[in-house]
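Turn these sequences into a full structure, and let the hints steer you where they fit.
Taken in order, these protein sequences are the chains called X and S. When the letters of the first sequence are read in order and numbered with the numbering used here, they come out as residues 1 to 376. When the letters of the second sequence are read in order and numbered with the numbering used here, they come out as residues 1001 to 1482.
Just the calculated beta-carbon pair ranges, DEER-fashion: (1) S:Leu-1462 to X:Val-313: 57 to 65 Å; (2) S:Lys-1082 to X:Gly-119: 40 to 48 Å; (3) S:Gln-1199 to X:Val-349: 53 to 61 Å; (4) S:Lys-1141 to X:Thr-254: 29 to 37 Å.
If you are wondering where the hints come from, they were derived from the structure by calculation, not from laboratory data. Note that the Cβ used here is the ideal one computed from N, Cα and C, for glycine as well.
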Amino acid sequence: MIRPLLPLLALIALLGCSLPLAGPGGGESWYAAEIAPILGESCVSCHGETKAKGGLRLHTPDAIAAGGSGGSIFVADDPLSMRTRILSPEDDLDHMPPEGKPQLSAAARAALVAWIDAGASFTAAAPGRGAVAQGRRSQSKPAPALEPEARDALHAAHVHVEVIDPDQGLLYIDAGAVAALPTEQLIDLIAPAAASVGELSLRGVPEAGRILAKAGPWPRLQVLDLTRAGVDRKGLNAAARGGGLEELLLIGATLDEKALEKVCAIDSLREVHLWGVELPEEVASSLAERADLIVNRGEVTPPPAVEVEAEFVFGKPPVETKLPAVNAVCPVSGTPVDPAFRIVHGDEVIGFCCPNCPKTFWNDPAAHPVERIAAE
Amino acid sequence: MDPIERHYMDLTRRRFFGRCATGAVGALGFSALSELLAASPASAASSTGVHYRPKAKRVICMHMEGAPSQLDLWDYKPQLRKRFDQDLPDSVRDGQRLTGMTSGQSRFPVAPSLFRFSRYANNEDGVWISELMPHTGAIAKDLCFIHSMHTEAINHEPGITFFQTGTQQPGRPAFGAWASYGLGNVNANLPAFVVLITQGFGNMQALSARFWGSGFLPSEHQGCQLRSSGAPVLYLNDPPGVERTDRRRMLDLIGAMNEKEMARTLDPEVQARITQYELAYRMQASVPDLVDISDEDEETLEMYGPEVRKPGTFASNCLLARRLSERGVRFVQLYMRGWDAHGNLPGEIRLQSKAVDQPQAALVKDLKRRGLLDDTIVIWAGEFGRTVYSQGALTSTNYGRDHHPRCFTIWLAGGGIKPGVSVGKTDDYSYNILDNPVSVHDLHATLLHLLGLDHERLTYRLAGRDHRLTDVFGKVRPELIA
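Here's what the structure looks like:
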């Protein structure tokens, strides 16, 4: 039995690494192209034609589908499923490959998980890169690691630095809390990390443009926050040169027309936030021309409701008695009957003029003779 | 972390501090201590770091303390109007336990909502929202409604504890503390986890500081409450006559003494204390700037509504939440008290909703136009729902509702959450979940996932066990993710 797990998990696994995926539409299945070689490399020496530890063989599709002595290896949430075993910590007793044996590479593990999550099919083609790599571009080559001295210097100056993508080694650096530091000092602090920076915030930094120009190059920069910062064309040129800049925040930033023209010319850009920035008409129209670009200028126009519920009366619905009263005159007061006030007495429906009369009637029905309407 | 490994690390640190303390006490000048700390690998970042690329960097959690009625705000049941005052069928309640407040009632009369609903466009075929929340309705395109939340607790204290810490028993770290532990602090001048409280108009229940405690995590991860009157942070201001330089010298000396104590006892709480003193020192400068809203433009203030200038109101706290998020604070926890409407629900919920509707919508809009909504998760939730049957007398103008853990509605926005959708369905009485139940553990797992943290790998070892926010439960829910 194969119970596909959440497709989302597949997405995470694929996003997190660079997979040598088979091209979509190619003749070879995902299993043949990628999965079988991994199993061959890391698993079949113990689970193959010659050895079958735990009754499990992984050298052919049929053998894999047959599972081991404990049944299928693809049962979702089973602690002994293949997925759980390869993802568990290496010192876990159920971990595969066993502790001490050559381990799966991160990419191989991710590929196996992705394949299992997609249904562990032996015939389906591998998902194309486009379907998987949503949004952020994945770099093929991991970023260089940050030198400990450089990291410590950033920490000491309270510039936030964080690994934001463990597989790619991408960093997120945020100098927003220390925007008042001298420009030269910020350049010296950030420059050693620039090659690894994926996201950078220079929120409120007066000479952010100069820092971008001097501390680069920024080969992996994807998201740049220049909210309320001082920006110039040179700086934007430097930031965009890596070719991966996708999101740019310029809320309330100080920048001239030349810099704005540069914003329009950044081809890789997918989202730009420009609330609080005055845009010359030409810039606005050239931004509007780019269909692939989300331009946020901060318009807030709340739409009205599409539909409003009809008015209703809250409370007990009126009692619908189909039987009319047998009398036209109230037996207590002698005034005409209001159809809203009726009671069942004996086998008749008797009407009254108001809600008070029925009580008087009940106290002594004989004292209030009912004048019945003559039957037709 | 493995205790043995930690012991080794502390030993190294002890040597490090030992050397500094003997050679450098006299020379410790301005911020020298923090430089030493930053150079020490153990204290530079006490966070675990992300497991994969996050979609969100921070969270604003609006907790509606007391549990708002899903029936009167979000869960539209027009067919109930015809069942006014009818008895709730036993087959619907199905023997479910009740609180002591209604278990003695002779009957359970169905109370439909008194309020009219309107349909607002979203990215599906629209969502019905009560007349009490018009501003929130207008931003429906950005919101993800979960109509099928459920919880284990039936009373407030365990309910909020469960929602905030993943377990009903007090003493575990709050979600915000886990976020701080996992992600660390972006702005070294402010705590990573900040709590803001608004007093309500309706029936209020106790709100304990343990809801934002750090439990067994290092205490630097606990929530810091900003107060609305007097000093925003208690005991942060220097007493009259104490200059900032005096404070600095005092902290340097205490720091040196604490390092000795740390070297002697290896107690991690001493380390946390050193960190907290340094943070408090920096907060003396950063907090006044944070709470001074004179740099906000008129149009923004207007958007949050007329109460925005009054400290402590929900409007004022929503604006502060935005200012905190903008400064990089990881987790802002807003509490709005007073939703516990056992009686006089229509009157109370009118006032409560009026206080939150415009500010909460403004917060989402404000984050959006500043480009912050992309990586900020906004949560609006109570600790459970309320019953369809009336507690106490049901009249044509009034009713009350008891606690109901089996289903309730929350909404999420931003930070990788799928916008403009409704998830899950309840039955005709908004009593049981028909479709797609989402547990509190699932919600926690999903939110951690969006923050780049695997809820199964974000652990803290205590008493021989790796503890998690989601205990041994929780599944990431793809239907909530964009």
